[in-house]
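Chains as they are written, first to last, in the working numbering: chain A, 404 to 736; chain B, 286 to 593.
Incorrect hints may appear among the rest.
Said to hold, decoys possible - Here are some, though not all, of the chain B residues that point toward chain A, as calculated from beta-carbon distances under 10 Å: (1) Leu294; (2) Gln296; (3) Leu422; (4) Ala449; (5) Ile539; (6) Pro543; (7) Thr565; (8) Thr566.
Derived by calculation from the structure, the hints in this document are not laboratory data. Remember, predicted model here, so these are calculated numbers, not experimental data. Even for Gly, the Cβ is constructed at its ideal location relative to N, Cα and C.
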Amino acid sequence: MPDAAANDIPTEDVPEGAAVGVRAGQAHFFADLDQSPVLGAVDAPDESSAPSSLWRDAWVQMRGRVLFWVSAAIILLVVLVALFPGVFSQTDPRFCDLSRSVGGPEAGHWFGFDRQGCDVYARVIFGARASVTVGVLTTLGVSVFGVIIGSLAGYYGKWFDAILSRITDIFFAIPLLLAAILVASVFSESRTTFLIAGVLAVFGWPQIARITRGAVMSVKNNEFVTAAQALGLSRSGILLRHIIPNAIAPVIATATVALGTFIVVEATLSFLGVGLPPSTVSWGGDISRAQAVIRTSPQLLLYPGAALGLTVLGFIMMGDVVRDALDPKARTR
Amino acid sequence: MAWYAGRRLLQMIPVFLGATLLIYAMVFLLPGDPIAALGGERGLPPAVAEQLRAQYHLDQPFLVQYGIYLRNLLTGDFGMSFSRRPVADLLAAAFPTTVKLAAMTLVIESVAGIGVGLWAGIRKGGIFDSTFLVISLVLIAVPIFVIGFAGQVLFGVKLGWVPATVGSNVSFRTLILPAIVLASASFAYILRLTRTTVAENRTADHVRTATAKGLSTGRVMRVHVLRNSLIPVVTFIGTDVGALLGGAVVTEGIFNIPGVGNLLYSAITRHEAPTIVSVTTFLVIVYLISNLIVDLLYAVLDPRIRYA
Chain A
404 MPDAAANDIP TEDVPEGAAV GVRAGQAHFF ADLDQSPVLG AVDAPDESSA
454 PSSLWRDAWV QMRGRVLFWV SAAIILLVVL VALFPGVFSQ TDPRFCDLSR
504 SVGGPEAGHW FGFDRQGCDV YARVIFGARA SVTVGVLTTL GVSVFGVIIG
554 SLAGYYGKWF DAILSRITDI FFAIPLLLAA ILVASVFSES RTTFLIAGVL
604 AVFGWPQIAR ITRGAVMSVK NNEFVTAAQA LGLSRSGILL RHIIPNAIAP
654 VIATATVALG TFIVVEATLS FLGVGLPPST VSWGGDISRA QAVIRTSPQL
704 LLYPGAALGL TVLGFIMMGD VVRDALDPKA RTR
Chain B
286 MAWYAGRRLL QMIPVFLGAT LLIYAMVFLL PGDPIAALGG ERGLPPAVAE
336 QLRAQYHLDQ PFLVQYGIYL RNLLTGDFGM SFSRRPVADL LAAAFPTTVK
386 LAAMTLVIES VAGIGVGLWA GIRKGGIFDS TFLVISLVLI AVPIFVIGFA
436 GQVLFGVKLG WVPATVGSNV SFRTLILPAI VLASASFAYI LRLTRTTVAE
486 NRTADHVRTA TAKGLSTGRV MRVHVLRNSL IPVVTFIGTD VGALLGGAVV
536 TEGIFNIPGV GNLLYSAITR HEAPTIVSVT TFLVIVYLIS NLIVDLLYAV
586 LDPRIRYA
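For reference, chain B alone in the conformation it holds in the complex:
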């Protein structure tokens, strides 16, 4: 196990270096004056432009610039926002909220997705199965901002069941609607994945053997069907952790949740490109690290991965 963890950690180093280099190159190697581009349509105040030139060391060769940027990243220096606050402080203040929202979303999508998927897989081709297949297609097809706005208007404004926006008041009650909205697409994927693998495993040889041995239906379903069916589902949920921690940009923006995604959302609306770069870099790092942790957990759960 230690050997696998070490190898996996080593594999991440080139990906981390490559991804940060890519992000940096995209912004600073493009033709034209990157500082002017960072200012967007409105342009930058001279003082800010000066500070940015110093911050990004644009008078140095490109690789030196990248080295300094990397050193700053590793020491937790994400630069300053236009309002002269360190972006690292903003991130630290916003991250716990994003984690809360992600945790609620994960619970909702896993419980609902596996539950419905299991039922649909057992009764494949039935009315319940067909209904949820259609629902899942719609949930996948309709973009999250449409679902978000529809939920906000219906449950927040018209029915008044939950607050329409979150603001500074972060609690279970205010986060429940955004979490359901955020969970909708992944719920559909988990449902479909569970349904397919359950339906497949139900006709598998080892399940037929288990039934022939005289095991009860409940035990066959629990031990022989569900456990095997959950392997790809757990993998999907794992990759979703990184996506959730790293990118509830739209949902946090719509519901005004003070998380990391909203930091990015408001930086975009204010045309604050340096902050966009810093927050995006942070989110990519979070995404990489959470995928690494999920991979390691997965190797603990499934011995075949370790010895592959």
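Extracted from the complex, chain A is given alone in its bound form:
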């Protein structure tokens, strides 16, 4: 496969009206920030066979951007804190002394104390794990399921596509937060991190499925697919080895942004009281408890709120950068 193929797509030759029409028709997918992700074909040589590939070009483009390094630093920090909270704080977040309720900052307790007299800094540090776990698990689940459904629907087409797409429509019709509230309020006894991630994954996959389907449909008519067919490769082999690797770019960009979204939804659930139980240290739960004393001590809201915002910002910016880098059309401009 010649390495020029990545930039060979005639995107600039498409009449303007047609390009806008494609975008308008797919505007339901809005996961990413600026435009519909399926912008024409994302067509690239297989990364293992070519010295220069879409991924290599993307990396060269990304490493030149400040935004990439800023978001990478934020994500790295948050993941480290989530994995090894003990390194960042030696205080037990669950050790609370009511006599220090809403106490101000002091030596060793820089952020002060919350209403129950727990150390706010320790709670912010130990709260990272819940958010990151839910975000990562949900994104993994959503990506695996969405890619399977979407690529089967897009590749096999016809009645198979019709059935899968209608099922996708049904799940897509229920707003994520509402569905999560509903299910989570039924599981009042057993809301663990895994359950919350599972619930979010069950209702979060249609977006990835739709994007994968669109990308697979635009890739499957390429010459290299015909060539693989002529060489006698089986249909499932073509799908796994040639189509999915070439259709996965918009999925990765969307999934990165979605990770941030899932963290927000988990925090919102915990804030509403149908998310993680109070025994789990989480930012959403702490923000919810800060509500009672918000007029006198707004700082109790500020610290977990800022930690949450920064984490989500990291993933959203990263998704933005990745999307720009993986979109050949944007690169040629």
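Please build the complex by placing chain B on the supplied structure of chain A, with the hints as guidance.
Using the frame of chain A, we list chain B on its own:
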């Protein structure tokens, strides 16, 4: 057009049936006694449990139960709240407030988002553009309840410009702060979308032709750039209508606005699961219907959709 509307309406039927079946199955097909689960941690008084068993026909086969639930939905029967008031009455009383809030939010996010986005797109890469790109990222990243509380404390309590909570006093003055809070994230999306498409269209061939023909800059911007750029923006605003009507749960809860979202919010805080189920179902139906209406309006605006 009539043909398109009919087809679109037919398409909605399986989605409606599927979505309601899904909601019902999630609550009533889960392992364990659903009535006990509905009671939550505190458990249910025997009289209420008895009434719920009758209301949901749990002695019948599942599909019969679902059929009765569907019939009740279609006749506007959303069951009773724990305070023995029909949920349909509560919804009817709360819905106008939610519509008011949604309308204000839509105006704010569209006007501000398109205005700023247009300016940023024309001057792409400038200081105004970069500033608002950063602001938009922050607005998207910070969850709405943090923005809501921050606004409430700053403008409601510290500065005292607007009332901190709404309560029964629903007016333009009391709703303006919640509407701005609710509009913040969508404002950021609309801004970014407008900016990208304006910047893209400015270099498009038809715009170059229009300029070459000798049209004034103002006319080129209005007729050739802005109009084409607005197509994806209008689509986004359309999908946002459904989301706003169906889910200002957090904002209405924080500002104590007596709308549908607050009904859900207080049902959650009181562990009133049957009411949660009814209100959620209602919100999903509103979401579906408003998306349908937006789709139909959209087909009126853009002929390409009709003939696709």
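So, going through the hints one by one against the coordinates:
no.: 1; hint: Leu294; verdict: 14 Å, violated
no.: 2; hint: Gln296; verdict: 8 Å, holds
no.: 3; hint: Leu422; verdict: 6 Å, holds
no.: 4; hint: Ala449; verdict: 8 Å, holds
no.: 5; hint: Ile539; verdict: 8 Å, holds
no.: 6; hint: Pro543; verdict: 18 Å, violated
no.: 7; hint: Thr565; verdict: 5 Å, holds
no.: 8; hint: Thr566; verdict: 9 Å, holds
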